[in-house]
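Chemist: Protein chains in written order, with the working numbering: chain A, 1 to 467; chain B, 1 to 467; chain C, 1 to 467; chain D, 1 to 467.
Worth flagging that the hints you see were computed from the coordinates, not collected in a lab. Fair warning: there could be bad hints in the mix.
Treat identical chains as interchangeable: a pair holds within one or across any two.
Said to hold, decoys possible - With a straight-line Cα cutoff of 20 Å, these simulated EDC-like cross-link-like pairs (lysine to aspartate or glutamate) come out:
no.	residue 1	residue 2
1	Lys254	Glu275
2	Lys315	Asp390
3	Lys298	Glu102
4	Lys45	Glu360
5	Lys315	Asp270
6	Lys298	Asp324
7	Lys408	Asp84
8	Lys254	Asp276
9	Lys408	Glu83
10	Lys316	Asp195
11	Lys458	Glu83
12	Lys45	Asp422
There are 4 protein chains.
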Amino acid sequence: KQEEECLNGDGEALDALLSDLARVNNSRERASKLFQWLISPLPAKAFFRDTWEKKPILVQRKNPDYYKGLFSTAEFDCILRQEDIQYGVNLDVTSYTNGKRETHNPPGRALPFTVWDFYESGCSIRLLNPQAFSSTVWNVLSILQEQFGSMAGANIYLTPPGTQGFAPHYDDIEAFVVQLEGKKHWRVYNPRTEDEVLPVLSSPNFDQAEIGKPILEVVLEAGDLLYFPRGFIHQGDCLPDAHSLHITISSYQKNSWGDLLHKLIPAALDIAMEEDVEFRQGLPLDYLTYMGVQNSDKDDPRRTKFFSRIESLMKKLTNYAPVDAAVDQKARDFLHDCLPPMLTPEELASSVQGAPARWECGQVMDVGAHINTETRVRVLRAGCARLCSDGEAVHMYYTTDNSRVYHKEELKSFEIKPEHTDAIEFLIHSYPKFVTVGSLPCDAAKEKVALAELLFEKGIIHTAEPL
Amino acid sequence: KQEEECLNGDGEALDALLSDLARVNNSRERASKLFQWLISPLPAKAFFRDTWEKKPILVQRKNPDYYKGLFSTAEFDCILRQEDIQYGVNLDVTSYTNGKRETHNPPGRALPFTVWDFYESGCSIRLLNPQAFSSTVWNVLSILQEQFGSMAGANIYLTPPGTQGFAPHYDDIEAFVVQLEGKKHWRVYNPRTEDEVLPVLSSPNFDQAEIGKPILEVVLEAGDLLYFPRGFIHQGDCLPDAHSLHITISSYQKNSWGDLLHKLIPAALDIAMEEDVEFRQGLPLDYLTYMGVQNSDKDDPRRTKFFSRIESLMKKLTNYAPVDAAVDQKARDFLHDCLPPMLTPEELASSVQGAPARWECGQVMDVGAHINTETRVRVLRAGCARLCSDGEAVHMYYTTDNSRVYHKEELKSFEIKPEHTDAIEFLIHSYPKFVTVGSLPCDAAKEKVALAELLFEKGIIHTAEPL
Amino acid sequence: KQEEECLNGDGEALDALLSDLARVNNSRERASKLFQWLISPLPAKAFFRDTWEKKPILVQRKNPDYYKGLFSTAEFDCILRQEDIQYGVNLDVTSYTNGKRETHNPPGRALPFTVWDFYESGCSIRLLNPQAFSSTVWNVLSILQEQFGSMAGANIYLTPPGTQGFAPHYDDIEAFVVQLEGKKHWRVYNPRTEDEVLPVLSSPNFDQAEIGKPILEVVLEAGDLLYFPRGFIHQGDCLPDAHSLHITISSYQKNSWGDLLHKLIPAALDIAMEEDVEFRQGLPLDYLTYMGVQNSDKDDPRRTKFFSRIESLMKKLTNYAPVDAAVDQKARDFLHDCLPPMLTPEELASSVQGAPARWECGQVMDVGAHINTETRVRVLRAGCARLCSDGEAVHMYYTTDNSRVYHKEELKSFEIKPEHTDAIEFLIHSYPKFVTVGSLPCDAAKEKVALAELLFEKGIIHTAEPL
Amino acid sequence: KQEEECLNGDGEALDALLSDLARVNNSRERASKLFQWLISPLPAKAFFRDTWEKKPILVQRKNPDYYKGLFSTAEFDCILRQEDIQYGVNLDVTSYTNGKRETHNPPGRALPFTVWDFYESGCSIRLLNPQAFSSTVWNVLSILQEQFGSMAGANIYLTPPGTQGFAPHYDDIEAFVVQLEGKKHWRVYNPRTEDEVLPVLSSPNFDQAEIGKPILEVVLEAGDLLYFPRGFIHQGDCLPDAHSLHITISSYQKNSWGDLLHKLIPAALDIAMEEDVEFRQGLPLDYLTYMGVQNSDKDDPRRTKFFSRIESLMKKLTNYAPVDAAVDQKARDFLHDCLPPMLTPEELASSVQGAPARWECGQVMDVGAHINTETRVRVLRAGCARLCSDGEAVHMYYTTDNSRVYHKEELKSFEIKPEHTDAIEFLIHSYPKFVTVGSLPCDAAKEKVALAELLFEKGIIHTAEPL
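Isolated chain A (complex conformation) (with noise of 0.2 Å):
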């Protein structure tokens, strides 16, 4: 902490790109084009046709600059340095060496004289959770995971000339394989079997004799690119003559249609029981007799009577679904796994966190400037706040109070009074336009800007011009 965060080097390509999105108006469009950017040439709506969560791809680009500035070796180096990297905590050192896969995790913290030293003796280092080390990352994470409605998280992995550091396995996410520097071998081998296409978990490791004959095998060079949806085993390795550094940033880790059905099934039973006596109506007083797996060979009437029944209360379940509770559910899990939004200076000059005052010459200065029915505002991102439900009350849930390190806070929310849901909808739904704070549907010009207050202390909204 004492001295400035670490940077990437001369990464200019990537610097003048984040530029260029921080004045794209619209949060979601500024999602849209850093994922185009970084799959380019493929394009995106071809991508989620064919691609995605169906096959690997790869982008060999001949541009080792094309990543440049994301992440490098030298700010790794920094990083140890400068922050409290724990091993196994935020970093780990691993080993495949004949077939075995070993972790080699001293306790305590990570400095660049014990991770070298593991380093040159051929260990693998995967640093967990980047972006709570790298603005870089932070900020092209935090972009992207508009563009996925899902975490979007990472992990960076520096291999030795030679070596292999982790055996072939599948994962439980969307994986796009960011080449930064030198280069690594890749194979990429199918599902083995239909069940472990999009597998619900990851794999354990595998054997080399378990998994077949690879569908992809290619020397990924900086700036490439290699996307596998998760189920595809895959192992790299590196030539004897480069070390290799590259990012994986990965999404979609539980968030399948069957990952909703499981919040909204429970809450379409508790409904269908209160609101369908069929429901509440009692078993049959022997179904124990010939229902049960001690009594399934059994050829019963009764059987088939039984399962009739459950056939079509199940089929009346449908009725009850409460689907947008459920995606409120699912996106409150979203809301708190968030990065929180890194702010362009002009974001950070138009809202709390870079409000003018300040303690200036002995004095506090620039500290009556408030919000008044003429501020123009909206919401700093499309997707930083959402109003959900909960039965009774509303809550507004949102984003901006997350912190870099994953759940480190709780998920942040405060009630909304019923007579403010209108005006927060209204806010939400009028994002990227800014709207006057008088212009909410509320009944006092006082409540409107207390409301506007509210949000712009807690750091939901931001102002057309600096307060």
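Chain A is fixed; fit chains B, C and D onto it per the hints.
Modeler: Chains B, C and D only, in chain A's frame:
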């Protein structure tokens, strides 16, 4: 504990009935006969078709001795003396005066000295869990639970003349009010709304103004029965000239189709996610922008498509529903709720509990009598043991080590080796016939005997003749 | 629970003794007489002066009926049948063969069928906490605890002919081995070192090679007694021709001066810190540089000064030691450990437990009999209640609501108002004399009666004549 | 975290002092010099003899720049912008108006926008744990903790003109009030009673009527110092014409002789019980009948005897007091409380934190520089590591991995093999001299180097020259 268990006085008719029932070979038939006695002269078949879960019914017998021997205030007085009855745990002191319901439990043990003082000052006494203190109540309930396939419970209520102990309310169980002594004036009311028909939870106490007019009003006398389903509001008060003692026998708490679906549906979804890739596919990238409560007023074709995808998945869920396994989950809960069987002298003599091994004249006697392949055995009750599979292993769950105190013991079980499941199923399905140990479908005679010994030592089986 | 509590057969002599003792007016005197019977013909005074906590002693009586009626194997057999004896909780099955000590407890209830099978195959049976199952043992121990001023416990050991159930070891209690049936060969050994004299904890099992030569070797026969203090190693085995049944009565676990000091000294230090500024003064700035293990070899005058300051403060501590309050802490522990008193018929008739209020012929009888200022009362036992101060409030602690199962109930108490403490002290110190309620030193007659009623309802006092 | 750590402006004098101190070879001497600067011109020796823990003292310097550079409101404003300061965790907003003390913390992050708003409306701001945010405060406290041998903490108080933020009260620490900006009017009062001299706990807020007349009343100006011991009541308020910023440096919380005795005495009793049979002897059989609060008025010779036995045992306790081990328990608490050392550039260059191993130009550089037997090493600070024995094993406890946030990390330690304790003691006692690794009293050169490497990697030792 210093003296004999309290007896209920001269209940000759009931004693005779219970002796007769002890000679009924099949415990399910026994249960049915006892239930028929309870509601006689109503025929059980018609009762379950027309009345059960549908409407209250009254049986007036003009026979004050009909239920004699089931329980009496004299037995209650004896229990207070001999058992450690604790206020608030086993017994409640209540009053309902001028529309106000109060509980008057002091701390500590309920001795006659203080209990009768409360009674004399106009308080009602409720004895909880009388089956733990009265053998007859235990016997009756342990038989009836086989009729219901659901826990049979009971409370006993003693009310002084001219008083009422409880406010009007409805319960979450089917109730059989059995008048034992004196008289009680009852009023029963319809469920107030469709939503309160067969309700999941009991109601709070109601004001008289909230409940409308009774659909049934009667003075119950000793020997009479009043049944009403869950959801029917009721209140009872004593006439000025007579006290009242009644026992309420209850069943079917949380025993509805919906309660089974609560076990079934999460399991179905887990299986669907394993077996059907459609459940594992990712949600649409942008679903959070048009779904959720804050978007519920939007008229967006993507919403229609989203709803229809959900509906289609929910319909498919039926294909994956593990009905028998879910029934086994309910069965396990029931086995845990069950009272242990109360053994007849013949059963005692032919089971581990009455095995003749003993200390006599300074030495151990009859310790050698053992099971062999010729021994004829059967399970002690139709429903005292059940084979359930929890995915991987098969376990035998049983009630014979349960306590008379609700859930005082954990649910008892042991694992059954795959090669023994056929033998166990054979035993269970053979009931009420006795089969020779030699006829069990196991490989070796030694194994047959070992298995039978294990079941005998747990009290699950007994022998055709005393060992 | 279905039948009468097990009886111990024709123990006429002991029955007569206990009846005589029931007529002894003072429970302390009763305790002393019973203890004298236990060790007779040794005179108690000499025993406590010369033997207690000092050395083993043997009483051989040539009278196999001396302890008859205390407990028998027949009673044990009856208990197995009637009580829920659980392996590992209430009963242990053990063996000691070829120097190897094993425990053979299966899970579940110990029924005669399996227990006698273990016995026949040479295992020893240890019944824990027999006072919960045998009224006579309960009676004897509840009397003896007043003699010891410390919990009196017991285990019962049944050993088949020609076997040994336990390895040589020493215990942390004073042990009275009372031979009830058959014979047992005992060997007792001196504590091995000074540190094992009157040890705080029991020993592990010893090898025969570790324990030297016995100082006492004897065959104990029915009617004999063997006493040894904690720390004396012992082992007993059965001769080939006779089984053995003995009960070991124990006391003085954690009842040493040091155990009292553990309560006293932290309290003394708290008081010293409140009252004496010398204890609150800061440590020397540099004490960590010359004190501590890493400096313990330093020859530094500051160390000498530091030690002497510590010594002086520790000496002053005596001035602040709240001895009576610490004794009360020990007393509370003892009251919690106590068995509840077992009432004689006369005591029953004159206490809340036997109060005549009852249900008879359809109504409550004798509920009006109440305490008035003329009623003569006293505490039920010298030691059944105690007034303790916890700094602010004064509480009455009492044993009459304890359970026969160790610590099954919390320690019972209630707060005593300051204006009632004199009355309570008066009552306690008047024992064994009865005093009229009117003579209690309270302000108003109404309060005297209310206080007496409270104590009567808790079972702490009884009346000179039945109410 | 996006920017450089906040600086405190042009604190040239303090910067120069700290640079000078960095060149002081011995950290204890450095601590003493810094403390001397703090209280100058008072001589430290006289201060500790006459004033410390005895009475308040005032140093008025007429030099507003004396403490310049330690902290400033401008630095505080910068911290609010750059660090995640949370209301209620790191910062409190308070007021004391018309005798009423209030706290006004909202939830969430404290940003300048809201903090300065509170300030302008007359609230005081207290920054807790400033050492976590200000390097200079960290540096100063981490040096001073070696002077005190007890944790040195700090709070910072910013008060608007004409207001008071806190009610009169006393604290449980020795307080050095260092005026940094503006002026504050202070009143200090004697402890109210003997019992409140050097109190163990802080007081509640007092009313003005409860505290008597001040013994010291003064207007503190920038550059002035006010010291007062724990127990002295104090209050400070701002004059109408100037704000106030001060830092209160504190120490000696729970660092009294009594606090040490709390560790020492239970250990002494445990040892006495092990070694001295008198402590293990049983209490008198009848002690409960004459001891305890209910018997405290009795005039019984047994009471006298009992008291004298207690007194004699307490006196003997001194013989068993493990003073050095108890000091080590206190030392471990202190090591856990300690701030980690803040390294000078020279220390950085010669320790693991500044070791030259790095990534440069696409490869690892200088990773081979290792310790050998010629390398000269010493512990980083006199008090940064300590060897303590916990009975069986010897552990090394150290502060170099502590966090600047209080107790954020567990106390760090590792076990030292018996054959290495001499080497470690030699190293610790050699400080501030450097010794060669070869001179460590271990058996083999390899072991010496391995031990030195371990200590180097933990940051406990540094080398005389950069590796």
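Chemist: Does each hint fit the structure? Answer for all of them.
Modeler: Okay, the hints, checked on the actual structure:
no. : hint            : result
1   : Lys254 / Glu275 : between (31 Å within a copy, 16 Å between copies)
2   : Lys315 / Asp390 : neither (25 Å within a copy, 26 Å between copies)
3   : Lys298 / Glu102 : neither (52 Å within a copy, 47 Å between copies)
4   : Lys45 / Glu360  : neither (52 Å within a copy, 40 Å between copies)
5   : Lys315 / Asp270 : both (15 Å within a copy, 18 Å between copies)
6   : Lys298 / Asp324 : between (42 Å within a copy, 12 Å between copies)
7   : Lys408 / Asp84  : both (16 Å within a copy, 12 Å between copies)
8   : Lys254 / Asp276 : between (32 Å within a copy, 15 Å between copies)
9   : Lys408 / Glu83  : both (17 Å within a copy, 15 Å between copies)
10  : Lys316 / Asp195 : between (29 Å within a copy, 17 Å between copies)
11  : Lys458 / Glu83  : between (28 Å within a copy, 16 Å between copies)
12  : Lys45 / Asp422  : neither (34 Å within a copy, 58 Å between copies)
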